[in-house]
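Heads up: the sequence lines are chains A and B, in that order. Counting from 13, one number per residue, gives the positions in the first sequence under the numbering used here. Counting from 6, one number per residue, gives the positions in the second sequence under the numbering used here.
Warning: the hint list may mix true and false statements.
What the hints assert, rightly or not - Here are the simulated BS3-like cross-link-like pairs (lysine-lysine), alpha carbons at most 30 Å apart as the crow flies:
no., chain 1, residue 1, chain 2, residue 2
1, A, Lys69, A, Lys83
2, A, Lys109, B, Lys111
3, B, Lys54, B, Lys73
4, B, Lys54, B, Lys111
5, A, Lys83, A, Lys109
6, B, Lys111, B, Lys73
7, A, Lys109, A, Lys26
8, B, Lys111, B, Lys66
9, A, Lys69, B, Lys66
10, A, Lys69, A, Lys23
11, B, Lys66, B, Lys54
12, B, Lys111, A, Lys69
13, B, Lys54, A, Lys69
14, B, Lys111, A, Lys26
15, A, Lys23, B, Lys73
16, B, Lys66, A, Lys26
Simulated from the structure, these hints should not be mistaken for lab results. Keep in mind the model is a prediction, meaning the values are calculated, not measured.
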Amino acid sequence: DTGVSQDPRHKITKRGQNVTFRCDPISEHNRLYWYRQTLGQGPEFLTYFQNEAQLEKSRLLSDRFSAERPKGSFSTLEIQRTEQGDSAMYLCASSPKQGARVTDTQYFGPGTRLTVL
Amino acid sequence: AQSVTQPDIHITVSEGASLELRCNYSYGATPYLFWYVQSPGQGLQLLLKYFSGDTLVQGIKGFEAEFKRSQSSFNLRKPSVHWSDAAEYFCAVGANQAGTALIFGKGTTLSVSS
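Chain A extracted, bound-state conformation:
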């Protein structure tokens, strides 16, 4: 399998601009996650998709954030009206289809580093 890929790897933007990140999960992985990692911290969960359905969202995901996975394959994460506090690494992970009572093993992509000036 090729791994999880994310694009772009780096993004520099000015405050107030909109940005969009893309994640391509491992082929046939039906579960997809977004996390945010700030300097000196571990990743923090943002949202989760099973196929095209967004099943869980963290309170960290403010109204300025939106995520989609329209065909159950790749996903996009958009941040509107960026703020300096949005500067972070945005990580995507995917996991294979398993039973509902089985914990996932999540495989992470390289991340997109966002810098908001």
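Since the structure of chain A is already known, use the hints to place chain B on it.
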């Protein structure tokens, strides 16, 4: 509240020496535990995981971890560290359900001296 604590922010170990990275968790149900490693500019790579069964689990790159329920710990060990092991290590806990959000510790940075 669910949480993961990695008490050591930064550890330096001599090459060839043994390593133990500490992880303590707070979780109301049966925890599912993971160790990931992150090299500069890279994503997280899974080292090992514990779901059930034998409390000593083997992972990649010669790492192992031991689950101790009585101490709420899941410490990572390696008998002989290589310079290429220098990286940041994260412990994480998840629930036994689909779509679990992993809760990560703040990480431990490992430096390896020659």
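Okay, the hints, checked on the actual structure:
Restraint check for Lys69 of chain A and Lys83 of chain A: satisfied, since their Cα atoms lie roughly 19 Å apart, inside the 30 Å limit. Our distance criterion of 30 Å between C-alpha atoms is met by Lys109 of chain A and Lys111 of chain B, whose separation comes to about 29 Å. As the CA atoms of Lys54 of chain B and Lys73 of chain B are separated by approximately 14 Å, the hinted pair is consistent with the 30 Å bound. Distance check on the hinted pair: Lys54 of chain B and Lys111 of chain B sit about 18 Å apart at the alpha-carbon level, within 30 Å; holds.
For the hint pairing Lys83 of chain A with Lys109 of chain A, the CA-to-CA distance comes to about 16 Å; that is within 30 Å, so the pair holds. A threshold of 30 Å between alpha carbons decides the hint, and for Lys111 of chain B with Lys73 of chain B the separation of about 20 Å falls inside it, so the pair holds. About 39 Å separates the Cα atoms of Lys109 of chain A and Lys26 of chain A, which puts this hinted pair outside 30 Å; it is violated. Among the hinted pairs, Lys111 of chain B with Lys66 of chain B is consistent with the structure: their alpha-carbon atoms are about 22 Å apart, no more than 30 Å.
Proposed proximity of Lys69 of chain A and Lys66 of chain B is contradicted: the alpha carbons are some 34 Å apart, above 30 Å. Between Lys69 of chain A and Lys23 of chain A the alpha-carbon distance is near 24 Å, which keeps this suggested pair within the 30 Å criterion. With a CA separation close to 14 Å, the supplied pair Lys66 of chain B and Lys54 of chain B stays within the 30 Å bound. For the suggested pair Lys111 of chain B and Lys69 of chain A, the alpha carbons sit about 21 Å apart, so the restraint of at most 30 Å is met.
In summary, the hint linking Lys54 of chain B to Lys69 of chain A is supported, as the alpha carbons are separated by about 25 Å, within the 30 Å threshold. Between Lys111 of chain B and Lys26 of chain A the CA atoms are separated by roughly 28 Å; this keeps the pair inside 30 Å, and the hint holds. Under the criterion of a C-alpha separation no larger than 30 Å, the hint pairing Lys23 of chain A with Lys73 of chain B is inconsistent with the structure, at around 42 Å. For the proposed pair Lys66 of chain B and Lys26 of chain A, the alpha carbon gap of about 41 Å is over 30 Å, so the pair is violated.
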